[in-house]
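K.L.:
Spelled out from the first residue to the last, the chains are:
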Amino acid sequence: MDASLSPKPEAKKTRIYHWLDERLGIEGMLVHAKEKTVPSHKHQFWYYWGGISLFFFVVQVLSGILLLVYYRPGAEAYESVRQITYDIQFGWLIRSAHSWSANLMVFAVFVHMFSVFFMKAYRRPREFGWWSGLGLLGLTMVFGFSGYLLPMDDLAYFATKVGLEIPASIPLVGTIVTDIVRGGEEITAVTTQRFFALHVVILPLLYLPFLAFHVWLVQKHGNALPPSEEEKPAAERRTIRFFPDFLAKDFGMWLLMLNVLAILASMYPWQLGPQADALASAPQGIHPEWYFMSQFQILKVFGRWFPGATGEFLGIALFTIGLILWSIIPFIDAESKNGKRAKLVNYIGLAALCGLIAVTIWGYWEL
Amino acid sequence: MNYPFWNVPYLSGGGVIALIATYHLLIALFAVGGGLYLAVAERKARREGRTDWLPILKKHSKFFLILTAAFGTTSGVGIWFAIGLANPEATSTLIHNFVFGWAIEYVFFIVELTTAAVYYYTWDKIEPKLHLMIGYIYAASSFLTLVIINGILTFMLTPGETWLSVAGSGNEASVFWYAFFNPTYFPSLFLRTLICWNLAGIWALVTAARIDGFKQPRLKHEIISWSAKWLIPGFVLVPLCFLWYLAMVPESSKQLLDLGISTIGQGTFTQVTRSVLITVMTSATILALVYFVAVRNSKSFGLGWAISLVLLAFAATAATEQAREMLRKPYVVGNFMYSNGVRKSEVEKFNAEGYLTHSPWAQTEVKNFYGDAETALVKKGELMFRGQCGACHTETGYRAMKELLKGRDERSIENILTTLHDYKEDSPYRKYMPPLVGNPDEIAALVKYLRTLTVPSHETALQQSTPLKTETKN
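Protein chains in written order, with my numbering: chain W, -3 to 363; chain Y, 52 to 525.
No wet-lab data here; the hints were simulated from the structure. A few of these clues could be false.
Stated by the list, open to error - Chain Y is faced by these chain W residues, among others (derived, beta-carbon under 8 Å):
hint, residue
1, Phe41
2, Tyr82
3, Phe86
4, Trp88
5, Ile236
6, Gly248
7, Leu252
8, Ala258
9, Ser262
Ideal Cβ placement from N, Cα and C applies to all residues, glycine included.
Looking at chain Y on its own, in the form it has when it is part of the complex (with noise of 0.2 Å):
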């Protein structure tokens, strides 16, 4: 590990990774998908000669231009601040790979961009033809920002037996292609678009439930009607593509879904399967309320119903990207790359010659650490814990340590480390953790550090005198 540790003490730095990602997303995609609402939309009100269409959408468009521009853009680049903490090693391997990738992604970007503004920007200043016509490159270039990123992210599922081939050879980029159109590419691209497109027609009925519908009833009526159209190909379409998306991940992949399946009842190894069939319940729920809500009683549609749908379509993308990052593991990158940064390839190493003893800034800490030999274990102890358990775990808070470990003595916890340790092929933390690795002595230390957050403060005197457990109160 070349990188310092990133501690994010709650949330995790996946949490913070996770949480700036479900908004990017929603935005992002209404970005891709709005931009050909506003286009069509356009198209159609002139073609029909529908002059009252036009004032909603030059403030449709307004809307969606403070959205993305503003908001989407910042958290996008917070997407990578975040990805960088928290995941460095996983951040470098991809940008080794498609530097190119993302140059060409913000070419489109800048185009996307700027053809936003100007499309709200010269509303009645400029012929009606070519107006359109910039809310079509504006759609376009949109979508090629999708295609370049969807290549990206699925590589990280599966990036492909050439690929996998080459890794670590140095000379990746040479498969560049092979990495980007990846197995799951075309599959995600098209589920991805289709949820674009949904997204589109729901921040649309965001401007719709501005319209006062007793003033204006039929022109609000029309424009939810129309909207909710919008849904309609990603509701019959989406659960085609995700049979088809499923086909193409791994097997241990499915595995584990299949073990999510088959133990749901008892609720445990589920979280993947809970998160999938959370986005079935938002999904069917946005299409009953837009059409009960919406559509049938769109006169009195106000906007606490329309930011209700965002907020449901909010969790759904959410439950979704949780479901496909869940999907992945124990990788980051698939099969090359465990979710904590350790490559496959290195186990053996670090198994030998030890995890921290590979980690300059680790060691850093380490000698500079004054204490007792107890003391110095338990900080040991922790920088392992930072280092391989930080990602998805936190000491309280999100997937806290304190409760899955509650109740258990230094002998329980010494059991669950060497079976995270051992790997064997049995072992159902194979199917979602990475192992665990490191000498002998890490891995004890490692046990010292995690017997701190579950002993109860009044019974060792040790827990007193390690600084990092002050913010521990129950």
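So that you can see chain W by itself, here it is in the shape it has in the complex (with noise of 0.2 Å):
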């Protein structure tokens, strides 16, 4: 079209389109996501949980950013979540919404790993896709941890208190390690500030690179099919666009979740409890939060059956060999054809998720 022309507002339009495609390729993006397409199958509800987790971890980054401007670290730490919770505007809904999708954002993460190891999503070329998830499964525990304390009501302090024993009880390192990331041998005000610097600063800086390469791959790749899809012929495998359909029902998903954390948030708003106080003593059945409960319960047995060191030892050993396990399963079930090793693989992902589960409500069972 000749820009010298008057321009009618189609016409307008167009040449701003122009002048961003040539700055920045919408037409080659718009072709590429037409042309992609996502399985459409039976099964296709579990690849809706990569999506939910990255939903919950922008509500995370939103409210986050906004109970940054009121938090202060420190000495003050619990009178300004006081202050957020029941004096500032809307602060209690803020401040709900923070917590409650985190936890919501653990669980995502937790069956979008499950889902992917059971369609098999690890499997060549998905390698890395794994490893990077893992990644980013570790990170979010620690975002859970150092957030939990940032309050200090006495809720947050005796559970970091016993949640720190994890870390502790690894061999060798584990008392230095501990004593650094608390700021001594007490959980104080300078604990809340370290925690507040890995909370906000240290590993949002490490989780965005693993975010976006773990996106990327995704991209890259495609979604994976599950092993019932591709025994089945190509031509009998179904599809749908990208873009706009899956791309709508994604949207949808984010939709129908903002309901469930917002439902949450505003009929449950998140308590805030009494200021911590180190002399007090701890208040029954302390517990960290549900997804430390099964390495917490595990150390607790342990150290049950094997009283002293050795308990610790071989509690830190288990988990230690576990997640070695659990880490290099693309290279146990690396082939594509559905074979013993397969099934094996199998059986090794429903125990682990039987346990887990198992042990999690032991760990209630027993406070």
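These two chains come separately, so use the hints to put the complex back together.
P.N.:
Here it is in structure tokens:
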């Protein structure tokens, strides 16, 4: 089109489009997005969970920035959270949304991990997706742990105190690392400053590149087919367009999750307990957040069965072996054919999932 | 109080009613809207010669029959059990006034159930015209059940001046129609009818989602688009009807809503406002998802999405009903009976002569109780709690006293109870809580009991000797 002609509204739009396209390559992206397809089958529900995790992360960032405006780490930590919760307009809602979405995010990440596992989406060429995902899971959990202390109410204080027993039980370096993180042998105002730095600067700096890498890999390799779909002849496999069909559904799922979050955050607002008092006796049945419960319980039980350092060592050894095994799953089950090994790995996954749930329930049972 | 107190740990009696009623409503409102949907859809299919629609409609009528006749009816009976146990005084008031209302409703109800079954079982067996007529009879009779029950439900919020002027005289039934066509009757009837149509559309998507969109894309798209249209009247007119409804509710209810709106920033006194906002949010989400996920992506619209829409409708229904219940606070029957079953006219008597002394069932428990004076006092306080607070509160769980009174000592609890007992004009509690009734001894006993909920277990020996505290662990 000749740009010198007097432009009609439509042509004007096109000129802007061309201007942008020349600089950003929109045309290419649109063509690519329209060509891209997503498999459509009975297990497709599980495809949403990566997006759901991302959504809750976005909520974490936005609500976290708002909390950052009023939160003051250090000696005033509790007072500032009290102000956020009771004095500042809508502070209760923002804080509640932040806490709820943190828990929902951890939950979504776990669901995502296990669904990827059972769909065997870690197989060639998606190994790096699996590993970067495990990295993101680890960082998510540290995010949760470091954020939990920040209000410095009694629950946060004592839960962090017992939670730090997990890293402290790592042989040789455990105590030193824990002391550094804590800023001493006890949890004090200094600890909130360290946890704050970790929570809002260090972890995001580590998390974002991992996330970008992870999302780029998903974009590069596309959605993996579960074994039951792979067995079908190519002609029988169904797909839908990524743009705009799957994207509309993905955003629909975000909207659905926003509803879940809003209902939880507004109807069950996150509470603030009394200020932490190191000299007071711990409230009964103190325990870390639910996603650390299984590790906590295993250490507790091993400590009971094997008194002294042996119990701790065995507990940590179990986690380490488990984690290594979980990381090398793509090598154990590398082939795309579904033979004996694939079945064995399925059983390992089932055992891990059931074990995790059972030990967590056991932990709550024993409180 | 002529009935025993029903104690439901964690949930409260009101919580049980809420759970059963929300579940029931979701199906019952579908039963009203869905009947019309089936008849109109069948008429359209036959007129336009769309024979491919008929097997889908038959399938939908089967789903409809099972859902409404099995799950809808049993949960309806469940509501009777729950309200009878949780709020016997209010239930008794309703029965005394509306026994003929229910008799009429049951006639329509039997016609409704019969025609629903006949409609499904006569597909392809009788003349299409006759079959369609059965569908219309079903639609009409199910709508008439709504016409009746709506009178009784709205009566509870706005019984109307005429009824209130004879309330307690024994002549209430003489003003039956005044009570029935009370101030909120018509706005509520329109609101509920619109919601019935919305639910007809949403539930129809459950059946539509099961059509294989890759094999029959056109059929699936047409049925989804047509079903989605059932949501349009509701979404256009519900806001207007809601404003009409609000114009008719009593001043005290409006004040409660105002209080909620003005304090939403602090998050206090806002439950009703939060519920209304959740209704707005979930309804808007339903509309967006129906358009973008169902209509625009009909081919791959699956059962999971349809169920998600039903769950959103469940949340919207629950929030609306909660808001409606909250608007009625502090009454269960507007301006006549408080939410804990105490009649407004009885307050003076209970304050002078005692609350438990007028409760024969509680008296038996007090007399039969063995223990030292202190423990007996706590027990008496517990009975006060069950009788007057248990309709809305629990010890640990829904609106838990343990949480609400956390950290308060005996004096501070006493202050709250005094505020509730005095029930002064400017008390904020007055807008949603009934007055605390009873003589000073009974109120002192309630203080003692509530204190046992706030004291950490190791601090008092009394707590260990009180059997009712055994379940409280943290």
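K.L.:
So which of the earlier hints does this model not fit?
P.N.:
none
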